[in-house]
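Engineer: Next come the chains, spelled out residue by residue.
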Amino acid sequence: MKKIIALALVLSMVFALVGCTAGESKKEEDGKTVLTMWCIATESDANRPAYEKAIAEFEKAHPDITIQWEAFENESYKTKIKAAMSDPETLPDIFFTWSGAFLGDFANAGNVYPLDEAYKPFADKLPEVMLSNATYNGKHYAVPLTYNIVGLFANMDLLAQVGWDHVPETYEDLTACCDALLAANIIPFGCAGKENWCVTEYLEPIIEKTIGYEAMTQIMLGKQTWNDPGIQSAVDTFQDMIKKGYFDPAGAALGNDEVKANFLAGQTAFYQNGTWNCGEVNDASFKSAVALFPVMDSSKATYGQVIGGPSDSLAVAASSKNAEIAAQAAFELGQSICHYAYLIGSGLPAWTPDYDTSEVKPLVNDAAAIVAASDGMVLFGDTIMSADPANTYLSYVAQVYGCEIDGAGFIAGLAKDLQ
Amino acid sequence: MNRMYSNKLHILIFILPALLLFCAILIAPIGASAYFSLFDWNGFGEKTYIGFSNYKELFTSDAIGFLKALRNSLLLAALSVCLQLPLALALALALGKKIKGERLFLSVYFMPVLISTVVIGQLWLKIYNPTYGVLNVFLRAIGLESWAKIWLGDKATALGAVLVPTLWQYVGYHMLLLYAGVKSVPPELREAAMLDGASDAQVNRYIVLPYIKPIIKISVIFAVTGSLKSFDMIYVLTNGGPLHATEVPSTLMINMLFLRNRYGMGSTIAILLIILCFLFALIISAIFKEED
Chain U
0 MKKIIALALV LSMVFALVGC TAGESKKEED GKTVLTMWCI ATESDANRPA
50 YEKAIAEFEK AHPDITIQWE AFENESYKTK IKAAMSDPET LPDIFFTWSG
100 AFLGDFANAG NVYPLDEAYK PFADKLPEVM LSNATYNGKH YAVPLTYNIV
150 GLFANMDLLA QVGWDHVPET YEDLTACCDA LLAANIIPFG CAGKENWCVT
200 EYLEPIIEKT IGYEAMTQIM LGKQTWNDPG IQSAVDTFQD MIKKGYFDPA
250 GAALGNDEVK ANFLAGQTAF YQNGTWNCGE VNDASFKSAV ALFPVMDSSK
300 ATYGQVIGGP SDSLAVAASS KNAEIAAQAA FELGQSICHY AYLIGSGLPA
350 WTPDYDTSEV KPLVNDAAAI VAASDGMVLF GDTIMSADPA NTYLSYVAQV
400 YGCEIDGAGF IAGLAKDLQ
Chain X
0 MNRMYSNKLH ILIFILPALL LFCAILIAPI GASAYFSLFD WNGFGEKTYI
50 GFSNYKELFT SDAIGFLKAL RNSLLLAALS VCLQLPLALA LALALGKKIK
100 GERLFLSVYF MPVLISTVVI GQLWLKIYNP TYGVLNVFLR AIGLESWAKI
150 WLGDKATALG AVLVPTLWQY VGYHMLLLYA GVKSVPPELR EAAMLDGASD
200 AQVNRYIVLP YIKPIIKISV IFAVTGSLKS FDMIYVLTNG GPLHATEVPS
250 TLMINMLFLR NRYGMGSTIA ILLIILCFLF ALIISAIFKE ED
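Residue numbers (numbering that gives the first Met the number 0), protein chains in the order written: chain U, 0 to 418; chain X, 0 to 291.
To be clear, the hints were calculated from the coordinates, so they are not data collected in a lab.
C-beta: ideal position from N, C-alpha, C; glycine also.
Be careful, since some hints might not be right.
[What the hints assert, rightly or not] Computed cross-link-like contacts, DSBU-like style, restricted to lysine-lysine with a CA-CA straight-line distance of at most 35 Å:
1. U:Lys415 with X:Lys55
2. U:Lys79 with X:Lys154
3. U:Lys124 with U:Lys52
4. U:Lys222 with U:Lys77
5. U:Lys79 with X:Lys46
6. X:Lys96 with X:Lys182
7. X:Lys67 with U:Lys77
[Said to hold, decoys possible] Cβ-Cβ distance ranges computed for the label pairs, FRET-style:
8. U:Thr78 with X:Ala89: 53 to 63 Å
9. U:Ala371 with X:Ile24: 54 to 64 Å
10. X:Ser115 with U:Ala264: 27 to 37 Å
11. U:Ala55 with X:Arg102: 49 to 59 Å
12. U:Gly137 with X:Tyr48: 45 to 55 Å
With the rest of the complex left out, here is chain U (with noise of 0.2 Å):
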């Protein structure tokens, strides 16, 4: 008898242990559909209002579905997404992505949902160019939420007080504004050195303001070779800057949090960075305005030319039991998380507004008819490559931003590892 008690013991614990890894996913509660979905817009994220309210219209909209969604930081997002699609049973209905090659790498392995047939209702309101960063083999994997390019913040209470009235337009008067801008012990830029891709919104502006927009773009492809003598003077001119001391030498150990603060505190006159940064700027106590890095080199750039494009975006897993429903779903959201990240200043529209934008907010308009003006445009370039040369793309602007190398190194060292 004890035998017996003791094996059926054992055999509960076994059962018990192989139970606690099989539960199924619960998808549907009281008849309603369930669609899971991850994103980044997390409670100190812009885009977190545009979130809310676009879900709560949607469920509003369609009683018989619920979202259910959870926000991650951004870069434990790209760990968690990433560690998701090697077992794409455990992916969400809808999630968050960058357009580029970090879709492109999940939508070619399979895990992602084609949304052509669903974007076919929508086509009116979304121009189809907007799809083109999601875009792999002819079909389309994800739906655009907002439009960004790297704009070029200023406090212009801290520039009039070394008498500048505007944002500097060549590189001339930028480096005179700086100047003076240090005599009066005011720190022209900040840049969070902790967080790579913050440089890289320093330098490719820069690049391209040297190389021009279509050199460029194929370059970053693999297409043309990274040694280009545009490249290591752009990577000089940077350099420069920061051996004169335009960027406030603390930001090498801060993170984009950290010097979006000190620039919203005045502590910084300009700060670059992505015009979904739009709001919070214009939101800030000082007078500001949004522009863009000048022209280095004439012959081959023009100010118009912006780092850029609709990049975040929603996608659908392949694996979803729901995948059409998630695909209209994800269409809707995105239109709506658009609508509300344009109002709110977090973005700018990639999709057509057919709503009343009179409350937009001054720097975003600004920041539209910046885009609205622009003759060229390079997907920002850690979105561009695939996730292993992008990162060795960021180590090398983080050696520049840390002047270990110089540019001749820049453009052989990138030329030798991605080509």
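Once you have looked at the hints, place chain X on chain U.
Structural biologist: Just chain X now, with coordinates in the frame of chain U:
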């Protein structure tokens, strides 16, 4: 009972749950990592078998910088053994003498072990902040302005700045282990030595230390393998930067696995870490055995 132990089937049935757990949680992942380390794989696409190429690349590629990361880990291990453990031992010996407020001191020294590493990391980020951090503010206040640095952003100071809180956090852990050992020394041994005229230092040197040698061995193994596996504090403070100055194998592994999508290379680093931890544990055990 003897009959029961002699029945191998019974033994197998009783150890089966623990065995299954052990295999599922430890053996299977190690086996899977060893298998994946032989492939060029991004973690979700097609795998390509490349043999030991990942291992070769890891030791020859300057771009990956594994040797530098390993050097940083070994430096951390050396400092753990040379600074952290002596400090922990000194505290354990001092507290083991039934001093006033023994419990309070024990709790105070052990507190950093209980606090989440992320919280401690955030705390030290504030201490090191170049503008308002306590360290720079203090240096400026006492007239040592030139000593104020961008501690975590400067390649020259970042590694040292990261090692200080990493070592500090676990002093209390080793102290507690050693304190338990010190407390287990029979009082009559101490008393006999004292009656023979031995000083406190002599009692510690000739009675306590030999008695707690097995615990010291365990502490050394934990300190060295813990240093080789160190990740969380470094991830919070610098994430391996600036310019890989504070890179350790674990941060490099995360970088390979989830930023570069090089699952095969990440698995290779994981396997090497396991081998290194086992190797150092065996070497330390052998050293202590030889001394015995």
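Engineer: If a hint holds in the structure, say so; if it doesn't, say that too.
Structural biologist: Okay, the hints, checked on the actual structure:
1. U:Lys415 with X:Lys55: Since the Cα atoms of lysine 415 of chain U and lysine 55 of chain X sit roughly 19 Å apart, the hinted pair holds (cutoff 35 Å).
2. U:Lys79 with X:Lys154: holds (29 Å)
3. U:Lys124 with U:Lys52: Status holds; Cα separation ~20 Å.
4. U:Lys222 with U:Lys77: Holds, at about 27 Å.
5. U:Lys79 with X:Lys46: holds (21 Å)
6. X:Lys96 with X:Lys182: holds (9 Å)
7. X:Lys67 with U:Lys77: With a Cα-Cα distance of about 25 Å, the restraint between lysine 67 of chain X and lysine 77 of chain U holds, given a limit of 35 Å.
8. U:Thr78 with X:Ala89: 53 to 63 Å: The hint (53 to 63 Å, Cβ to Cβ) is violated, given that threonine 78 of chain U and alanine 89 of chain X are roughly 40 Å apart.
9. U:Ala371 with X:Ile24: 54 to 64 Å: holds (57 Å)
10. X:Ser115 with U:Ala264: 27 to 37 Å: holds (29 Å)
11. U:Ala55 with X:Arg102: 49 to 59 Å: holds (53 Å)
12. U:Gly137 with X:Tyr48: 45 to 55 Å: violated (31 Å)
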